[in-house]
Every structure is written in C-alpha cells, then in structure tokens.
Amino acid sequence: MQLFASGIAVGCLYALIALGFVLIIKATDILNFAHGEIIMISALICYFLMAKYHFSFLPAVIITVVIAAIMGVLTERLVLRPMLGEPIFAVVMITIGLSIFLRSLAGITFGHDNYVFPSPFPKEPISLAGVTLSMTQIWVMVSTAVLVVLFFIFFKYSRMGLAMRGTANNQETALLMGISTKRVFAMVWGIAFVTAAIAGISLANVMVVNIGLTFVSISAFPAVILGGLESIPGAIIGGLAIGVIENLAGGYLDQMIGGGVKDVTPFVVLFLILMFKPYGLFGKEEIERV
Amino acid sequence: MAVRSKTFRESYYEDIKLFQTVWIRAWILLFLVALVTLPLWGNPYMIYLMNLSCVAAVAALGLNLLTGFTGQISLGHAAFVAIGAYGTAILSSRFGLPFWICVPASGVMAAIVGFGVGIPCLRLKGLYLAMATMAFGVVVDFVVITWTKMTRGVRGINVARVEIFGYSLDSDHKIYYFLLILTVLAVLAMKNLIRTRVGRAFIAIRDRDIAAEIMGVDITSYKVMSFTISSFFAGIAGAMYSYTMGYIHPEHFTLLLSIQYLAMIIVGGLGTILGSIFGAVFIVLVPELIKSLSQLLTFLVPAMAGKYDEEWNIAAFGLLIMIFLIFEPAGLNGIWGRIKTSFKNWPYTY
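Here the protein sequences come in this chain order: A and B. Read in order, the letters of the first sequence are residues 43 to 332 in the working numbering. Read in order, the letters of the second sequence are residues 19 to 368 in the working numbering.
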C-alpha cells in the first residue's frame, strides 16, 4: 500500500512531464526529445533565483514559468519552423541535437554540482490510513490535478484551445478556417514548456537538483507511449501506471537482483508495450497494409 | 580525348561499377598511399586521432546502413558497439583467445543481438522505433553495469593486446595498420553490399516502404537483415575500440555515444558511404578544433583562460546536428559533391 501510494506520487510527476510531450505531439506531430532539458533548466533557474537572488518561492516560480514560455516560443521559431515539411527523421534528430546542446549549455552555465532546493513545504510527513506521504508529494499531486483541470477547461472552452484542437486535427482545414497555425504552434510550444517548468520545479522539491534531472524525463517516455502518443487522459493514466509499476518493481525485485531495478523498469515496460501494443492504450491506430 | 560529360553512362554495368573512372581509381590509390605512409610523416597525436576515426568510421558505416540507406532511426547503436567491445574484452582477457577469433566473434555476437532486437522492432516506425532502440540502449547499459561477474561493472575491464605471430601491437603506431585494414575491408564490404540487389532493396524501403513491398521486396526480411548487418558492423567497431583503448568502461557507451554516431552520419551525409567516413573524421576532429579555438580565444581575451571543458564539445555536437539539418541536409558529402562538379564543369556553372 505504501509502495502504491508513493508510486502514485511519482506517477503524478511522470504524468505532468508526459502532458508536455503529448501537447506538442498532438498539435505538431513532433516528439520533443529536448523536454527533459527544459525541465532541468527551469529547475535550475528557479533554484538560482531563490538561492542567489533571494526571491521567495512564488515570484521565483512565476519568473521561471515566464522564461520557459519565452524559450518555448523561441525554440519553435528558430529551430523547428525551418524544419516544416521535412521528413520525420530530420525533425526527431533536430530535437535530439537541441537536447544535447541545451544540456551541455546548462552544464557550462550552472556547473555540475548538486543543489538542495530550499523547499517551501514542511518536512514532516503526514500519515493517512497507514500510508505515509511527505507534504511535497501531496503538493505535487494537487498541482498536477489542478493543471489537468485547467488544461481541460482551456481546450474545451477557450477560443485558442479550440484553434489548437482544430490545428491538431487537420492543419489545412484549420488554415482555411482562418486559424493562424504559426501562432498556434508557437503557443503550443510555449504552453508545453510551461508544463515542463512546473514539472521541473516539482521535481526540484523531491530530488536533488543537478544536470541529471533530464534522465527523469526519459523515464517519462514509457508513460507517453503507454497512454498512446496523442491522448491527454492517456498521458495522465500512463504516468500514474508507470509510477506505480516502477515503485512496485523496485520494492519487490530489488532484493532479488540488486539495486537499480527501479531505473530500468520503465524501459523494460516501454519495450514490452511497443512490442505488444505499439499504439498504447488510447492512441489512434495508424492502419497501413503492407 | 572526348570531353567527358557529367553523368553519362552507357550501360547499367557502368552505373554500378565500384570505382567508376580512371581518375577515381587514381585518387583512391593516392589516398591509400598517404594513409599507409602516415606513420612515416605524421606525428603520434595524428595517428591516435586516425585510430579513433577508423573506429568511428566503421560504426558510422553500420549506422548509415540502417538509418541512411534503410531509413530506420536507431538511438541504440552505442549498445551494439558496447556488446562488441565487451565481447572482445571478455574473450581476449578471460579466455585468452587471439584477435582473429575475437573480432569476428564480437561482430557475430552483436549481430545475433541485433537480429533479436530487429524482429520485434519491425512493427515500429519513426518515433516509436527511435524510442524502442533508445530503451534497448538503456537496458544494455544496465546489464553491463550490473552483470559484474562478466563485465566487472563500473570498475571497467582491461583488454589483452592484439598479437600477430608473437608480435604485440601495444602502441598507437603499431595498431594503426590493424585498424586501417579492418576499416578498408569494412568500406569495401559496404560499397559492394549497396550495389547488390540487397542494397537496392534497402534504399527502396527507405524511399517508400509500401511501394517497395509492391515491387516484390520482402520488407520484413530486409529490415531484419539491415538491422543485423548494422549491428555486425557496430560489433566490429566495438572490438576495434577495445583493442585501441586497452581498457573499457560502461561510461564509454551511453546514449551520448549513440547521438554522436547519429551526428556523424548527419554531418557526413545520410545514405552515402563517403559521408560516413567524412562525418566520422569530422566529429573526431571537432574536439581538437574547439580546443585550438579556445586557445585562440584565450590568446585574444585573457579572461577566457581555463574556461574550456568537455561540455563545449558536446554542445558543439548538438549545434552541428541542428545547423546541418537546417542548412545542409546533404551533409559534408553534399558540399564535396558540389565542389567536385563545379571543378568538373569549369568555366560553366552547371
């Protein structure tokens, strides 16, 4: 039960990260391999704002989110717009190039030290019906839930959200309906990077802040795949499921094989999903008869 | 002598010939002579860089077969290189086997694993394949670190030297010819493979898989074949790597190495053999370029002193991938081709 609960807490983080991936895939059909770098960079920015420049938590978060949004728009404009209409291989590779570029740039600017994030939440854990969770974990869950609801409302009721859904559905039709797809793409990248920033700050509260944070986002790939690449509810459920599976596997198998099982489990799961159900639980199947 | 026009061939045989003109044969001969005599006029550091380039070129050839010719993205190439490298290390230092067993055995080992991975990956395309191969890379890394009985985990493993008739190749100079011969063999093998029916089938699959199937190319078996051959090359490259280094460590074979190989084939030129070699040499030389650039910067701006570290190289790889994809998708090979044609057609522009 304890493993299950902490699995849910980790899963919320994965879900938050997966949400960022899915947003971009849904609107632009691009899997952004540089997502983890944005998570790491925003965690570091937030840390430095608080530790070096003595901002309090909320202003630091807001500044980080704004920076992330600007980075998202810039990335779309500088890196991905020239790639419109190129084969998928080129687009995948360019985000990979971007990711290692950003990672080493972060290494150069922020250094490789480990930082401990000055968490604003109280340290003592809370017990509820035999399950112990830290205050931070609860906050992560709450913020994920709030974000998901916000996104739901945004996509369902706002004009921009409607435009985004339209673009995701069919770019040409959206253009004909007078939607500026360029603006939509820029917006999508901005929003996705904002979710990355929030995920990064939440992660910073749970883990040590260093360059290695990017690895967490790679562990979120299985969540994206499990949920099906293009489904927002899928991303949430996939994230939660991977979190739980990872924790259970870590809890039960670690004694048998020796440490580290927790880190590979998501990848083994990923491999299995791709083998048996390549389009995930909620993904749209592309049927091609060859 | 008649003036030779650009691409005018009279028969199909002429089109698929290995070395198409007298001139190409002459240049290649000259180039080989330069390579063979390198230890006579080059400095030791140059030879060391050449050794690294040879290893990288063989691995890049393998990846280019899979990604450039067959069109399947792989983010797990480093894993196959790791299998080859560890295969050689374990066989040579634990069982004392000679190199002429170790090198092919490593290749075959990697090929068998590649065959095993290739079959499930057949159903996947594009993004999904990239993720599956990446996951495979992480799993192999984990196995190498955890299976300490065989691989000695994070402590790394020593590799016995190559011995030919009791003569040990224990320095960069001595192993240079060994690597050069293997590289030349690999290039020849790849060139020959591409001009056969199999090679053309690979290209057909890359260009349009459905059309290829309709034209009678059995996609399934050819994709598996491409995966297997590519891993075989990676395995050989791994063997060469461990013989060159004499010591290997799991840290050498991370996702970053896979990305480096991808950078090589993108910078060099996707789907070309010359491109893989260009790219491999170029990426090996990039750190040197940056080092000398940073020295120049230090000279101009004293405040820059001591700012150089490994991170700059990695940032440069990322930047190079992006720049080449946006501005020069044909890679160095494309630039080379343009220079060649402009010389050939001089004084006309085309």
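Errors might be hidden in some of the hints.
Capping the alpha-carbon separation at 30 Å, the derived lysine-lysine pairs in DSSO-like fashion look like this [claimed, not checked]: (1) A:K319 to B:K143; (2) A:K224 to B:K143; (3) A:K319 to A:K198; (4) B:K192 to B:K209; (5) B:K192 to B:K362; (6) B:K209 to B:K309.
Covered stretches of chain A (chain B as the covering partner; in silico rule of three or more C-beta atoms under 8 Å from a C-beta of chain B) [stated by the list, open to error]: (7) 104 to 113; (8) 221 to 232; (9) 263 to 275; (10) 279 to 290; (11) 308 to 318.
Note that these hints are calculated values from the structure, not bench results. Note that the Cβ used here is the ideal one computed from N, Cα and C, for glycine as well.
Do the hints match the structure? See the list:
1. About 13 Å separates the Cα atoms of K319 (chain A) and K143 (chain B), which keeps this hinted pair within 30 Å; it holds.
2. In summary, the hint linking K224 (chain A) to K143 (chain B) is supported, as the alpha carbons are separated by about 27 Å, within the 30 Å threshold.
3. Distance check on the hinted pair: K319 (chain A) and K198 (chain A) sit about 29 Å apart at the alpha-carbon level, within 30 Å; holds.
4. The suggested pairing of K192 (chain B) with K209 (chain B) holds, with an alpha-carbon distance near 27 Å, which does not exceed 30 Å.
5. A C-alpha spacing of about 39 Å is found between K192 (chain B) and K362 (chain B), which places the hinted pair above 30 Å, so the restraint is violated.
6. Between K209 (chain B) and K309 (chain B), the direct Cα distance comes to roughly 34 Å. Violation of the 30 Å bound is thereby established for this hinted pair.
7. Given as covered by chain B, the segment 104 to 113 of chain A fails the check, having 0 residues with a CB less than 8 Å from a CB of that chain where 3 are the minimum.
8. Proximity of the segment 221 to 232 of chain A to chain B, defined as three or more residues with a beta carbon under 8 Å from a beta carbon of that chain, is not established by the 0 residues found.
9. Requiring three or more residues with a Cβ within less than 8 Å of a Cβ of chain B, the coverage given for the segment 263 to 275 of chain A holds, as 4 such residues are present.
10. For the segment 279 to 290 of chain A, the assignment as covered by chain B is violated, since 0 residues bring a beta-carbon within under 8 Å of that chain's beta-carbons and 3 are needed.
11. For the segment 308 to 318 of chain A, the assignment as covered by chain B holds, since 6 residues bring a beta-carbon within under 8 Å of that chain's beta-carbons and 3 suffice.
When each numbered hint is compared with the structure, violations occur for hints 5, 6, 7, 8, 10.
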